[in-house]
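Residues per chain are reported as follows:
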Amino acid sequence: QVTLKESGPGMLQPSKTLSLTCSFSGFSLSTSGMVVSWIRQPSGKSLEWLAAIDWDGDKYYNPSLKSRLTVSKNTSNTQVFLKITSVDIADTATYYCARRPDYSAHFDYWGQGVMVTVSS
Amino acid sequence: DIVLTQSPALAVSLGQRATISCKTNQNVDYYGNSYMHWYQQKPGQQPKLLIYLASNLASGIPARFSGRGSGTDFTLTIDPVEADDTATYYCQQSRNLPDTFGAGTKLELK
Numbered sequence: 001q002v003t004l005k006e007s008g009p010g011m012l013q014p015s016k017t018l019s020l021t022c023s024f025s026g027f028s029l030s031t032s033g034m035v036v037s038w039i040r041q042p043s044g045k046s047l048e049w050l051a052a053i054d055w056d057g058d059k060y061y062n063p064s065l066k067s068r069l070t071v072s073k074n075t076s077n078t079q080v081f082l083k084i085t086s087v088d089i090a091d092t093a094t095y096y097c098a099r100r101p102d103y104s105a106h107f108d109y110w111g112q113g114v115m116v117t118v119s120s
Numbered sequence: 121d122i123v124l125t126q127s128p129a130l131a132v133s134l135g136q137r138a139t140i141s142c143k144t145n146q147n148v149d150y151y152g153n154s155y156m157h158w159y160q161q162k163p164g165q166q167p168k169l170l171i172y173l174a175s176n177l178a179s180g181i182p183a184r185f186s187g188r189g190s191g192t193d194f195t196l197t198i199d200p201v202e203a204d205d206t207a208t209y210y211c212q213q214s215r216n217l218p219d220t221f222g223a224g225t226k227l228e229l230k
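Chains as they are written, first to last, in this note's numbering: chain W, 1 to 120; chain S, 121 to 230.
Think of the hints as simulated: they come from the structure by calculation, not from any bench. Take these hints with a grain of salt, some might be off.
Covered stretches of chain W, as calculated for chain S (at least 3 residues, CB under 8 Å) [claimed, not checked]:
#1 79 to 91
#2 101 to 107
#3 110 to 116
Quick list of in silico lysine-lysine cross-link-like pairs, DSBU-like style, CA-CA up to 35 Å [stated by the list, open to error]:
#4 W:Lys45 to W:Lys5
#5 S:Lys162 to W:Lys16
#6 S:Lys230 to W:Lys59
These numbers come from a predicted model, not from an experiment. For glycine and all other residues, C-beta sits at the position ideal for the given N, C-alpha and C.
Could you put the whole structure together from the sequences, leaning on the hints where they help?
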């Protein structure tokens, strides 16, 4: 069965770099067309797509945040990472990773999310 | 970016029909598919896929849920509404990057 799970620091200070990990099982990111995305949601607000990496290692970013984002994956295709530089209070949110079974497809499986608070 | 507009809230009675709308500022159709999807989110939980490509029921989702629409106008219908359906519903387009979501419609019971 497909599962995804996010992990992160929980809390960090403004101007630091946020590092998140998405560990998944039940599918292979090396399968043609497969994509894993990062999406975040501030408390009480809607969802914002941040970045994605596909089976071939191609990376996609939300232009509004592109300069601060770096998405990557491990060589065994079991984890996807996201780094956000120069965080501030506006980056406080629950961060989700989600599977997309093909380009332009829906998000069919989501992790439980990891809450990140940016505070001094 | 494609903007998705949803009404903020909807109140319906148990057993009645709920219709949630989502309008986009650009056409999300491409080669015969409408790249519009619907999710349900309950407090403290991750979003759950309900409908993909405008009208396809996701695996394990009861047939009380249905979706329709094309171009720039889409609807999610729940009929009949059950108590467990109280949640926030989001539409999402994947026609163009970046993927964008609506602000969500909170479904409440009368």
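Hint by hint, work out which the structure violates, then give me just those numbers in ascending order. 1, 6
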